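Colleague: For reference, the chains in residue letters:
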Amino acid sequence: MKLSNLKGCAAYMALGLGIALSASAASAEDAPSWCGPNKASLALLDGFGGNSWRLVTTASGKEEAAKCPSITDYYYADGQGDTQKAISDINSMAARGVDAMVVFGDAGPAILPALTKAYRSGAVVVPYRVNVGGEAGKNYTRFVGADFVYDGESWGKWIKENFPDGANILFLSGPAGNSQGLDELKGMKNILDDSYKFLNPDPFAVTNWDPSLTQQVLSAAIAQHDNIDVIVSDFGPSLVGALPVFANFDRSIPALATSDGNSLGCFWEKAHADNPDFKLFTVATGNDNVRLAVQWAIAEATGGTPPSEEIFKAPNFEDSTDGDPNPVQCRSDLPGAIYLSAQLSGDEQAKAVGQ
Amino acid sequence: MAETTPHSFGGSMGLSSMSLSKGFVTIVASTLALILLCIIFAPSAVTAGSLMGSLPFAAVLGIVGLGQMLVVQQGGFDLSVPGSVSLAVVIATHMPNGQDAGLLPALIIAIGFALAAGVLNGIMVAYFRLNAIVATIGMNALLFSAVFAISGGVPRITTNLLAHIAGGQTLGIPHSVLFALAILALVSFGLKKTVAGRRFEAIGANPKAARAAGLSVKPYQAMAYVAAQILYCTAGILIAGITREPTAFQGNSLLLPSVAVVVLAGTSLLGGRGFPISVVIAAFFLNQLSQFALSIGVPYSAQTIVQALALVFGIGVYSIEWTNRFKKEQTSSTEEENHETV
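Note that the protein sequences, when read in sequence, are chains C and B.
Okay, so the first sequence: first residue is 1 according to the working numbering, each after it adds one.
Okay, so the second sequence: first residue is 1 according to the working numbering, each after it adds one.
Hints were generated in silico from the structure; no laboratory data involved.
None of these values were measured; they are calculated from a predicted model.
Don't take each hint at face value.
[As the list claims (entries may be wrong)] Sample of chain B residues at the chain C side, in silico, Cβ under 7 Å:
1. Thr47
2. Gly49
3. Ser50
4. Phe57
5. Asn160
6. Thr243
7. Arg244
8. Glu245
9. Pro246
10. Ser295
11. Pro299
A virtual CB, placed ideally from N, CA and C, is assigned to each residue, including glycine.
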């Protein structure tokens with residue numbers, strides 16, 4: 001009895017504190033222009049929430065929504081990689097009368113009917129990052145995509161700058177045929193001419209973004225090709241386990257153009273002295289894609305001014321050759337599985353991934 | 001071979017008799033053929049550097065395969081491989097949180113979980129007579145829930161100590177290979193040279209006859225699941241060390257290969273004799289096959305087809321009527337050899 005009273009007391013205190021904190025946070029700074037005067041509730045729907053990138057992204061979305069005092073309620077649902085659950089999450093949020101939904105549509109077009117239904121029932125629906133098919137204004141309010149061609153172009157420019165006379169490139173991406181990898185390749189080919197040779201089977205070496213498969217693919221590639229000048233990968237941290245394979249061949253780790261991750265930055269700091277060719281260039285991993293989507297959803301739902309951008313373009317993040325825009329970043333006091341390119345502070349990210 | 005043949009026929013299941021098993025001969029011949037193919041078409045796949053990179057994964061598959069073999073020997077299937085391996089990976093990386101001092105307690109806890117899962121599997125299958133596939137699928141889900149409870153699906157980076165123990169090399173040999181060989185020796189010895197091991201195989205071959213002979217069948221059947229879990233756990237810990245930044249679902253890709261190596265090694269899916277050495281060689285074979293496919297640079301679709309064809313071929317060797325067709329010739333020739341040597 002006594003204990004439960006205490007518990008209840010603590011809960012009320014925590015609740016009060018939380019309300020006070022969030023109220024002060026919202027009123028401390030002026031509401032951004034995308035935050036209009038009308039009250040609205042917002043739901044963030046994830047297709048799969050079980051990795052550090054998603055946890056950081058979810059926390060980023062929540063932080064972005066908290067900037068707008070017009071948002072009265074904030075919900076989150078995790079589809080757990082199950083298409084059925086993702087669909088029923090969308091349906092139940094619509095039934096609950098949520099005003100705006102931001103949806104990571106991992107299942108692709110499979111969730112389009114649920115999105116369309118929610119949109120027609122009057123909710124603002126903003127799918128982001130993964131293409132779900134359909135049309136803006138008909139099936140949902142707006143699609144806030146990520147520009148992977150732009151990522152490819154960023155890598156291409158860096159490669160051209162550092163290897164002006166051509167280079168041998170090994171390009172690693174995720175599952176066979178994934179559209180992200182195809183777009184990135186397109187971007188690189190926009191920049192690089194025929195003097196740049198891709199060593200991998202067309203269009204990219206398949207790694208499923210799995211570190212152990214990456215390691216096997218990489219050791220086969222290293223054995224097969226004597227001179228790999230640049231490795232391009234769209235998931236940098238998955239290479240950390242694989243790059244030491246070069247030592248088995250008495251070769252330096254080559255230049256690497258990829259996306260950022262704290263573990264990768266820290267790996268570079270440790271390894272670059274022994275590996276003279278190991279230059280590192282990263283673009284932001286794109287956690288902030290969700291912020292743009294949240295801004296759109298809130299602007300539409302609360303009557304604010306929508307942001308000018310519709311597509312998220314990942315900015316360059318680290319460059320070990322000239323430190324522009326940043327030298328390589330490593331926070332060894334924080335977990336490896338966080339992304340220093342995200343706006344969310346490193347400590348907040350550490351909290352988000354539960355460490 | 002000529003010297004040991006008569007004795008091992010008398011003992012019927014000595015260590016040496018394994019070298020005569022059809023599975024062993026087939027898998028060794030296939031592996032040698034594959035190595036030859038590699039040398040001709042993809043020499044880079046058999047260079048020392050390439051092997052250093054790929055052998056650790058063969059070693060892990062070999063260990064998982066040995067666990068699966070023990071279960072298959074009792075006529076079961078263990079589908080809890082993914083959960084079990086992933087849980088070991090997660091515990092070995094999450095609990096120490098990068099600190100070497102936390103490694104030992106984490107490993108003990110991982111083994112504790114493996115024991116508990118194994119005992120539960122064993123009780124469900126051996127004592128409650130649940131179908132092994134159903135029981136272990138359920139266990140797999142339970143293990144994955146533990147993975148989520150511990151990690152939230154977020155992996156952590158391996159401690160330096162574990163990376164050194166599992167991912168390091170001694171005299172140019174990856175440690176994981178040494179672990180696999182040691183475990184192979186242990187399993188072989190336990191199965192073939194101890195009383196318990198002999199009973200274990202006899203029970204697998206025919207539980208009813210074993211029961212009639214006065215053996216207590218259930219504890220042995222249950223032990224298969226416990227020992228298997230310990231092996232999966234070991235494999236998971238090794239993966240955690242080999243891949244510096246593992247995912248929380250590292251076991252997922254091991255389930256089918258674990259069954260494949262057991263089948264390729266010639267183990268009957270109805271239970272009975274196990275062939276530990278063949279299982280480990282089959283693990284090397286499968287791994288080398290994917291390295292071969294990668295090295296000849298074929299598209300991913302073709303890589304998958306090559307591996308599937310090899311499996312079909314491997315399984316076809318055992319399941320199609322080859323045995324009956326050539327049985328007469330084979331037995332008569334072996335008899336002749338025996339007469340010559342005796």
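Colleague: Hint by hint, note whether the structure agrees.
Modeller: Do the hints match the structure? See the list:
no. : hint   : in the structure
1   : Thr47  : holds (5 Å)
2   : Gly49  : holds (4 Å)
3   : Ser50  : holds (3 Å)
4   : Phe57  : holds (6 Å)
5   : Asn160 : violated (11 Å)
6   : Thr243 : holds (4 Å)
7   : Arg244 : holds (4 Å)
8   : Glu245 : holds (5 Å)
9   : Pro246 : holds (6 Å)
10  : Ser295 : holds (5 Å)
11  : Pro299 : holds (5 Å)
In terms of the numbered hints stated before, the structure departs from hint 5 and from no other.
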